[in-house]
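K.L.:
Taken in order, these protein sequences are the chains called A and B. The working numbering runs 10 ahead of the 1-based position in the first sequence. The working numbering runs 10 ahead of the 1-based position in the second sequence.
None of these hints come from the bench; they were simulated from the model. Every residue, glycine too, gets a C-beta built ideally from N, C-alpha and C. Fair warning: there could be bad hints in the mix.
[Unchecked claim] Which stretches of chain B does chain A cover? Using the computed rule of at least three CB atoms under 8 Å from a CB of chain A, they are: (1) 98–104; (2) 119–133.
[As the list claims (entries may be wrong)] Cut-off 35 Å, straight-line C-alpha distance, at most; resulting in silico cross-link-like pairs (DSBU-like, lysine-lysine): (3) Lys158/B <-> Lys116/A; (4) Lys98/A <-> Lys116/A; (5) Lys98/B <-> Lys126/A.
Read off the chains here:
Protein chains: 2
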Amino acid sequence: MTAFRTFEDFREGEEIDLGKKRVTADEIIAFAEEFDPQPFHLDEAAGKASVLGGLSASGWHTIAMLMRLLCDNLLLASTCMGSPGVDKVAWKRPVLAGDELHATAKVLGTRELKSKPDLGVVRFLFTVTNQRGETVMTQENAILFARKEAAA
Amino acid sequence: MTAFRTFEDFREGEEIDLGKKRVTADEIIAFAEEFDPQPFHLDEAAGKASVLGGLSASGWHTIAMLMRLLCDNLLLASTCMGSPGVDKVAWKRPVLAGDELHATAKVLGTRELKSKPDLGVVRFLFTVTNQRGETVMTQENAILFARKEAAA
Chain A
11 MTAFRTFEDF REGEEIDLGK KRVTADEIIA FAEEFDPQPF HLDEAAGKAS VLGGLSASGW
71 HTIAMLMRLL CDNLLLASTC MGSPGVDKVA WKRPVLAGDE LHATAKVLGT RELKSKPDLG
131 VVRFLFTVTN QRGETVMTQE NAILFARKEA AA
Chain B
11 MTAFRTFEDF REGEEIDLGK KRVTADEIIA FAEEFDPQPF HLDEAAGKAS VLGGLSASGW
71 HTIAMLMRLL CDNLLLASTC MGSPGVDKVA WKRPVLAGDE LHATAKVLGT RELKSKPDLG
131 VVRFLFTVTN QRGETVMTQE NAILFARKEA AA
C-alpha cells in the first residue's frame, strides 16, 4: 500500500513507481471515438498504413492512462490540490493495442508557495515505458500539495 | 465547411475558430471515473468544498474536449500526421458542469522539416474560453502536416 503523503513527504530525486496498465484495442477505439477520431486511432488497417504501424492510442489517451496510474498509486493517498498546468510532453513512440505501460514519477524539485503558505509545489518528471522497456512518453508537470499542518 | 488544408495552407498569425462544446455533469463524471477519480471531479459537494467551487472537469478532460473540437474543425480535413508533443499547458480557471467552451487555434509559426521533406511543422497556440469569455486553458503544441506534393 501507498503511504499517505503531504507536501513534506516528497524528496528531490526520489522515484515513485506508479504501476502498470495493459492497453486494449477496445479502449483505444473508445477514447478515439469520443475525443480524437483520427483514422489511425480508430482502425487497425489505417494504423498499419500510417507511420504508427498499427492501431495506436491517441497521445491524449496515453496521458489520461498515466493520470489514472498517478491517481491510483499516489494522488488519491495524498493532499493533492490540483495542478496549474503542464510544462512539456513528448510522445516518443506509438502505444499499440496489447502494449503494457509502466509509469514512474521522479521528483525534480519541491518548493513552498509564498502566496499560499499552506501549499507547496512538487515538480515531477513522469516516464511511461512499454513492455520492451522503450520510453513511449515523458511529461513534466507541477502538482500542488497541502502542507502537513494544513492537512492536520 | 472547413476547407481541406495541407502544410502550405497555414499562415503565421492566423486564428482558426474551432467551435463550441457544452460540458455536462455526466461527461465530467464519466471521464473522471475512468481517468482522474479525484473527489472534486466526481461529486458536486466535493467540488463545492474545494478551491474549484463546483463539480469541475479534469484538466485532462478539458484537453480531450479541445482535441475533439480540433479534430472536427481542422485536423480531419487536413493532411495531419500527428504531433511530437506539447510545449506548455496552463489550466487557468475551473471548467464547471454547464459551461460552454469555445476554442481557437492561433498559428505561431510554420517550418519545413529538413529530415522529412514531405512534412512540415505548424506550431499552434490553442485558447479555450468559457461562456463569460474567460480563458480557462491555453496550450501550445506543434502538429505535423504533409506538404501539398506529398498529399497529391
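K.L.:
Please name the hints from earlier in the document that this structure breaks, with their numbers sorted from lowest to highest.
P.N.:
2, 3
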